[in-house]
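Asker: Position chain B against the provided structure of chain A, taking the given hints into account.
Quick note, the sequences are listed as chains A and B, same order. Our numbering puts the first sequence at residues 1 to 268. Our numbering puts the second sequence at residues 1 to 292.
Just so you know, these hints were derived from the structure itself, not from any lab. Quick caveat: nothing in here was measured; it's all calculated off a predicted structure. Ideal Cβ placement from N, Cα and C applies to all residues, glycine included. A few of these clues could be false.
Claimed, not checked - Below 20 Å or equal to it, Euclidean Cα-Cα: the simulated SDA-like pairs (lysine to any residue) are:
no., chain 1, residue 1, chain 2, residue 2
1, A, K102, B, D288
2, A, K11, B, L201
3, B, K199, A, R2
4, A, K43, A, K231
5, A, K49, B, N135
6, A, K43, A, L199
7, B, K103, A, R9
8, A, K49, B, K103
Claimed, not checked - Here are some chain A residues pointing at chain B (derived, C-beta under 7 Å):
no., residue
9, M73
10, I111
11, F183
12, L187
13, V189
14, M227
15, S229
16, S242
17, L246
18, T249
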Amino acid sequence: MRKARKEKRIKRLSVAFCSMVYLFLFLPIFVVVANSFNATTTKPYLSWKGFSFDWYIKLWSNSSLLESFGNTMIIAVLSTILSTVIGTLGAVGIYRYKFKGKGMINAFLYIPVVIPEIVIGIALLTIFTNVNIPRGMVTLILSHVSFSVPYVIFNVRARLSGYDKSIEEASMDLGANRVVTFFEITLPVLAPGIAGGALLAFTLSIDDVIISYFVNGQTKTYPLKVMESIKSGVSPDVNALSTLVLIGTIGLVYLTQSGILSGKHKEI
Amino acid sequence: MMKKRSKHEFKSNTMPAMVTVGPVAILLLFLVVAPLIFVAVMSFCQTDEFYNVVYRFTAANYGKLVSTDYLKIYAQSLLIAFVTTVICVLVGYPFAYVIARTKSRKKQLFYMLVIIPFWTNSLIRIYGWRTFLGNSGWLNKLLMTIGLVSEPVEFLYKTGTTVLGMVYCFIPFMVLPLYTAIEKLDDSLLEASSDLGAKPLKTLFEVILPLTASGIFSGCIMVFIPCLGYFFVSNILGGGNTDMIGNLIERQFKSANNWPLGAALSIILILVTLLLVKIYQKLGGDMDSLGV
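Chain A on its own, in the form it takes in the complex (with noise of 0.2 Å):
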């Protein structure tokens, strides 16, 4: 009796103390919400004037913003496909044969992930100096894709890791070529170790600052954007733009979640 009161209690403190620490995780994203319907026309944007869905309308004519979006989702897609190609290929190249280097490669793959992004952005930043790379679209997508392609690679290799050989030989003895049972057989069954990657990679490079901010030159991404006008005050057009971005996703993972959740329990 006593043990069950206790119990109770013990529960009731932990789901008090979760819904703190979600309160404090979405705490900045419903200030961002709201102050996207703040009323107000005077820098710095700040105090409440009314509510008003007047900033969802002037956020169309705001083409550089609008323009700088379009930048980070470009980039975004681009980089989430090369560096899934990129890191599919390698992730079962390096689990199948044996070659020179293989163990430098697999300790080279930790350091985007250990090394802070500050010391990942300048020395790209250098090294496309150096090597007179104009700095802009192409810079940033290769400073992407150079930063996700280990996150795809561990997703991939997790998938391989209970990966059954013998599907391959059977497919090979019945006369698919090495391409056709890369395509019909590898692929999937890795399906959801890629998928998972490509979402990793996706999520990296929308969230990005830090890299894209040393290798960005005149291309201006969305979080630069906002940068710049962070001192003057940032217009709640951001605000508006950054709330349809949040139920895009949401509603986004809402549809496909239901897939992606089933997918697992086939997994185990």
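Answerer: Relative to chain A, chain B alone:
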């Protein structure tokens, strides 16, 4: 032709190995290893009067690293990163424990709720904190409305605010590895411990914590190291009062235009990283659990 190709396929693995691993190898070589080596080289270079890098050897940049102003900032960086890491463990552990051990059907949702904030860019979320904590921010409005204070409290530009921003940015990186480690805990071990008469605290310190130590170690690595370089958090919330090594580096590359000095400062961060990763491995940490 068919025959020839299949013969080739099974005899040598050079081609397929090159096709699959080649791109990664090139990428790592040119976009990870070469740039870092180049930073090391640059840290021994000089600048001319127009701030251009001149490739003439000097160790002067390393001499500048030990100036008193810089030493203060290193100390401040280590302190902020350390306090951030400790808070992340103290808050993140019980939190991860509850969501990893819950029997609720919504467990997956609880996990997703830790990740969803990432979809709003971290810079924008930190700006959200600035909006919330500023002098005309909502927290001050609230405090004044309920009469707790009569004047706005200056929350921004304090070390504590930068720590708050860092904890905010990095607590998911603590929670996720902890979640993985705690989820693997075997219920029967906890039952065995209590059946054998151990009090809950004893079970915590002698069973639960040792078994989940790997998660704590990797979480600490994933929080402490990147924290040293997150210059925009201390820029936005600390307003120049809470500079860290990252801010020093950023300034050398973006405004002071002394790239060699910035490179030398980066070498400090690389050495700190190597040292901590070595300690992590000594403690039995697995590199694979650092990939989130």
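Asker: Look at each hint and say if it fits the structure.
Answerer: These are the hints, each one checked on the structure:
1. A:K102 with B:D288: OK: A:K102 and B:D288 at ~16 Å, within 20 Å.
2. A:K11 with B:L201: Holds - the C-alpha atoms of B:L201 and A:K11 are around 17 Å apart, at most 20 Å.
3. B:K199 with A:R2: holds (16 Å)
4. A:K43 with A:K231: holds (11 Å)
5. A:K49 with B:N135: holds (16 Å)
6. A:K43 with A:L199: violated (37 Å)
7. B:K103 with A:R9: holds (17 Å)
8. A:K49 with B:K103: With a Cα-Cα distance of about 45 Å, the restraint between A:K49 and B:K103 is violated, given a limit of 20 Å.
9. M73: Violated - the Cβ of A:M73 stays beyond 7 Å from chain B, reaching only about 12 Å at its closest.
10. I111: holds (5 Å)
11. F183: violated (13 Å)
12. L187: violated (13 Å)
13. V189: violated (16 Å)
14. M227: For A:M227, the interface hint holds, since the closest Cβ of chain B sits about 6 Å away, which is under 7 Å.
15. S229: violated (10 Å)
16. S242: holds (5 Å)
17. L246: holds (6 Å)
18. T249: Hint on A:T249: holds, closest Cβ of chain B at ~4 Å, below 7 Å.
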